[in-house]
Amino acid sequence: MRNNTSDMPYPESSTLYRLKTRLVPWLFLAPFLVLTCTFFVYPFLNAVALAFRQTNGPASNVFVGWDNFRFVLTDPDFHTAVKNTTVYALASVFVQLPLSLGLAMLLNAGRSRVKNLFRLVLFSPHLVGQIFVGILFAVLFMPRYGMFNRFIQALTGWGLEQRWLSTPALVMPALIITSMWLYVGFNMIYFLAALQNVDQNLVEAARIDGAGPWAEFVHIILPAIKPVAVFVVVLSTIGSYQLFELPYALLQGFGPKNAGLTIVGYLYRTAFDSGDLGTGAAIGWLLALIIMTISIVQIRVAKAMGGEA
Amino acid sequence: MSFPYGKAPLALLTVAIVTGAILAATRGRQSAYEPDLVFMIFAPNHVEAYEEVVAEFEREHGVDVDIQLVSSRALTSRLQAALMTGAPVPDLVEILNGTMGYYTRGPLQDVGFVDLTDRLHDEGLYDRIVESRFSLWSSRGRVFALPHDVHPVMLCYRRDLVEELGIDVSTLTTWDEFARVGREITTDLDGDGNPDRYMLDLNHGGGMLPTLLLQRGVGLFDADGNVAFDVPEAADVIMWHIRQTRGPGRITFEAGWGQGLTKTMIDGLCLFYFCPDWRTKQFEMDIAALDGKLALMPLPAWEAGARRTSTWGGTGLCITKACRNQELAWALAKKLYFDKDELGARFKASNIIPPFQDAWNLPEFQEQRPFFSNQPVGALFAALAPSTPPDYASPYLSLARTKLSEAFLNAVDRFEKHGEDGLREYTISELKRCADYVRRVSERNVFLREEMEARP
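From first to last, the protein sequence lines stand for chains V and C. Read in order, the letters of the first sequence are residues 0 to 308 in numbering that gives the first Met the number 0. Read in order, the letters of the second sequence are residues 0 to 455 in numbering that gives the first Met the number 0.
The set of hints was computed from the structure by calculation and includes no laboratory data. Do not take every clue at face value.
Said to hold, decoys possible - Example chain C residues on the side facing chain V (calculated, C-beta under 10 Å, incomplete):
1. G100
2. D191
3. K262
4. T401
5. R443
Here the structure is a predicted model, which is why all the values come from computation and not from measurement. Idealized CB from N, CA, C, for every residue including glycine.
So here's chain V without its partners, still in its complex pose (with noise of 0.2 Å):
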């Protein structure tokens, strides 16, 4: 290894060098740190004091204690979106994920040129965005001349004029189901991943055991894939509760009764369209803490099912 000190022109013990060593390593630090600063630290200790004010532009600012938490906690309008945003949170971890490993398992079984296809078809709903999706599925939901309901009629001889986004309880199975076509393949992509790389030698020494399908997949592929799965789970999760364009592309707003209003849409509302930017921070502040209290028990509760998390 080469030693720089030796050819430098000014000896160690030198105030320059010691200048030098102690100023060099803070220069290459400077850029991260002063955009760490901008635009990381600054916005959320801005954050923290917004919460907690009333503002509207520079010049006018007022302190207004706990009043933004408490006006929040107490609205119903916010309980509509908290209630909104955990069932599709929960249809995302249910209903989204569990399709998502049964497609990567059907994938992971098949050939692999098929394999390639199939992975890029599923996979590319992801890549289109959510405003794209939602613009989309409202042509498909149409009464009387969307693609869902002459289906149902086809099949049933019913729901021709099914009003899917207009309709306050059909607005979350729009929802799941457009979310489901969105994300379904993104998820199988992290299932897949982690199927490829299970020990073959543990599962053909299960079947030699005679361990049958579904013991098979208890026992040996699930243990094998659970910290990409506890992943999954985190990280759909988080998306869910930080879902807005989807809803509000689909539904050109938040729905009938505010059956499309999620956590970000109630925020969005009151921050951007009613202009109360300090409600809007206390929002964010609420959101904050119900995804990291989540996240914290899914992860604490993997743990408690034993392996890694």
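Assemble the complex: chain V is given as a structure, and chain C must be docked to it using the hints.
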């Protein structure tokens, strides 16, 4: 020559210097161009319409005006953020109906737009403009934008089918009469259990309620910014709406927008469609197949002899306080909105009725349009324009619309379970509950509250 800290830091430093130099060079070039006025617009057809007028204005005044087209959502969010933070804003900007409340939610002196009230009165313009249109752009009696349009609402109908069915539209003078005829013609023609002909295209979620309520004289807010939709008249409109959209007496289909609407119109699934002036141009451009088959009629009234129109949408032109040459901006605003010679051609290109009444007698407004069965589209809308209702701005407009829809849908639930028994009382109580919610939210606004309390 070797760099003392290795290759990676050298590469980083090189990239930083090169990109810094490029940025500095291009920024220098950008800042060299400084127009006298920057005018931001969200509607592409407005840009086309203004180009010639602006070029003429530039020649007349020896100035340079930079017109920038920005999508409406981007313009709204950028302008909101820039005005909040004191970042650079355009000199003139056209904003969309419903967004003004956001900019006027604080003390009047904090509004980022120039107060145009005195200029309008001093120059005798105020009385020449449809007065109700100032409601969209005012706060606490002060006007912060010039109204671009009136947007009166009529009904557009499939004239060929309506005549075939023997309906005389001149007899459809009230909504009750309209509904009665609607029940006669709403039919399942092929016996598959689904009607194949409806009387009216109407949003079943209550999306058209604000427009219908305005026609009835009920705004979501009053001139002082107070929540105003929990009145018995609103309950009556909701009851009517429910009867037409639900149950055995249903006469409406929700065609929606875009392809769905086009297909519905071409198929003749609905006979009548709500049609503000701007929509007539959309129909002309998008549904060529219906050339000569459509016609317009005033909205049926809520009571015999009452108002035959409403209003739907709007655009306003603001001059920002940051504008360095406000007199020049005012001169351009007047040239764009109040130059009678320009307004005729602009109407022809857009079918939008300007609020400047002097223009309505121009030949372009009297012209018969073959697409609309040779009706004089301009004259028809202009005749209704003076009776368009005021539609007051508020920062809580979007919330109020949501809550109105909630009251409506709760009334729908009640109707589906119990019919009309006790429905009116229930609707009134729901309207009150929802209006109280909007009041509770708006009363949290300390800036408006302080100003209201300070009033004599």
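Checklist entry - Against which earlier hints does the structure fall short, listed by number upward? => result The structure breaks none of the hints.
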